[in-house]
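Could you put the whole structure together from the sequences, leaning on the hints where they help?
These protein sequences, in sequence, are chains A and B. Heads up: the first sequence begins at 1 in the numbering used here, then just goes up one per residue. Heads up: the second sequence begins at 1 in the numbering used here, then just goes up one per residue.
No lab work stands behind these hints, which were simulated from the structure alone. Just so it is clear, the structure is predicted and the values come from calculations on it, not from any experiment. No false leads were mixed into what you were given.
With a straight-line Cα cutoff of 30 Å, these simulated BS3-like cross-link-like pairs (lysine-lysine) come out:
id, chain 1, residue 1, chain 2, residue 2
1, A, 80, A, 160
2, A, 150, B, 2
3, B, 2, A, 26
4, A, 89, A, 72
5, A, 61, B, 358
6, B, 3, A, 140
7, A, 150, B, 3
8, A, 26, B, 16
9, A, 160, A, 26
10, A, 140, A, 150
11, B, 16, A, 140
12, B, 2, A, 61
13, A, 72, A, 167
14, B, 3, A, 26
15, B, 44, A, 140
16, A, 150, B, 44
17, A, 75, A, 89
18, A, 80, A, 26
19, B, 2, A, 160
20, A, 160, B, 3
21, A, 26, A, 150
22, B, 228, B, 299
23, B, 16, B, 194
24, B, 44, B, 16
25, A, 140, B, 2
26, B, 299, B, 358
27, A, 61, B, 3
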Amino acid sequence: MILSFGGQGGVTAARLLSIAALNEGKYAQAIPQFGAERRGALVRSFLRISDRPIRRHSSVKNPEVIAVFSEKILKIVDVKANTVVINSKQPKLENGRVYYVDASSIALGLNLISAGWPIVNTAMAGAMAKVFGFSFESLKDAIEQTFSGKLAELNVQAAKKAYEEVKEWSA
Amino acid sequence: MKKVLTGNYAVAEAVKMARTEFIAAYPITPQTTIVERLAEMVEKGELNADFVRVESEHSALAAVYGASAGGLRAFTATSSHGLLYMYEMCWWVANSRLPVVMALVTRTIGPPWNIHTDHTDLLTLRDSGWILAMSENAQEAFDLTLIGFKVAEQIDLPFAVGLDGFQVSHTAEVVDIPEQSEIDEFLPERRRDKPFVIEPRNPITVGGLTTNECAMILRQEMDRDMEKVGDLVRNAGYVRDYDLVERYRLDDAEYVVVMMGAWCGDAKDAIDVLRDEGVQIGMLRLRFVRPFPAEEIAKLDCKKILVVERDCSIGKGGIIATEVKSVANSPVQSVMAGLGGVDVGVDDFVSMFRRFVKGELGEWWL
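Okay, here's the thing in structure tokens:
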């Protein structure tokens, strides 16, 4: 499950990772939250990845991995999962496994900004791809299929930086 | 080639690969992204079709009617209230024997306002003369759109491809896309002269006043032709084989579930759970509602059948259950679930099927 604020690119991140999963020879399903995508509002998007074709279409109830695109989300959602990937310099979170990356700084550094907000989706996708054990090439191809020109280039850079910088947190 | 596509984009891709010549539509959630994508394809020159923007769904299908009567391969798409607004034209298209293909992204009919899936809108077409297919996933939405053009043009009946709003329409999943050359071989250009063609300098009358007997014979012929659709689907010569139904773990099944649409995937996962517990249960999935797969249902030899459906004929209950009961040779139980888009997942089906086997299941699942 990806928890993001509307406008941060959570839905696109799920799409990119589903294409990356296909490139890894897997099956995938990217499910946007239905009906309530609004700028600034909490948005849940879902991603299923499997070695076998995915038949079910109902919503994801107990996600194994939760990606948190903004630390502010922790104040409104009780985040608990086997694995958490969070956009943070220093995650204040008690959970099984926590991976963190400063996706906001990566996006700001590359000027990936829209209406004053850093667009962290490709950086977070980079971190998640690493945690999933995907090759960076699989994600790079997904980004290049989705964006074009300079924008593709910058987003590939953001994803690569996060892919390299993501670390497991030990308190 | 495998691609990640939403159900709606998969339909748009199929419409493009069918070399559709005419599209008219009015936007309505959750259908909108089909025609948005098609408009983009026409704009970019990827699809050589006329795209007509209209002011309502009634006009959308009226424009498609004219194009199809003029010999063109024509397409529209809608949902729920949009379908109801074009409903009169649906009957014009069917009774004029025009081979139109329409994507119907299922959505609950309001009020109260609701954009999520149930199957009541699709079933309002039940008696009209449209071939009605219901896909389980984006792959089937793609395949059935192409098979739709082929079969509709062979039998001169319109074809509606159902796909569940959001669960299929907006969910991106892996779709295997054939080569354009394979599609061209499967689906040659439409014959312009069949069933009739309206063209300049060759005036004919369409839909005018006839004798009562003529009107009745038309409906009789449509009913007889609809019966041929099963064979046309089975022998369509598409890159993948299709039938009116899918049989899942049915061979030794003592308990059989009958249902249609996206949630069948969840139900199959639940069937696997019960199978692991030793329960002999399987599914007959309806891929088509019209023609109704009566023979396949009559052949079911089991302890009992459960029809699970997301619709209700107020005062009679499950619409599909009523039809299944009319042909089944085993006892039939009906349960209505998931109306208004209520989420029904694998755990729900596991518990529903366990109760069905024990004989403890009620008529409404909520």
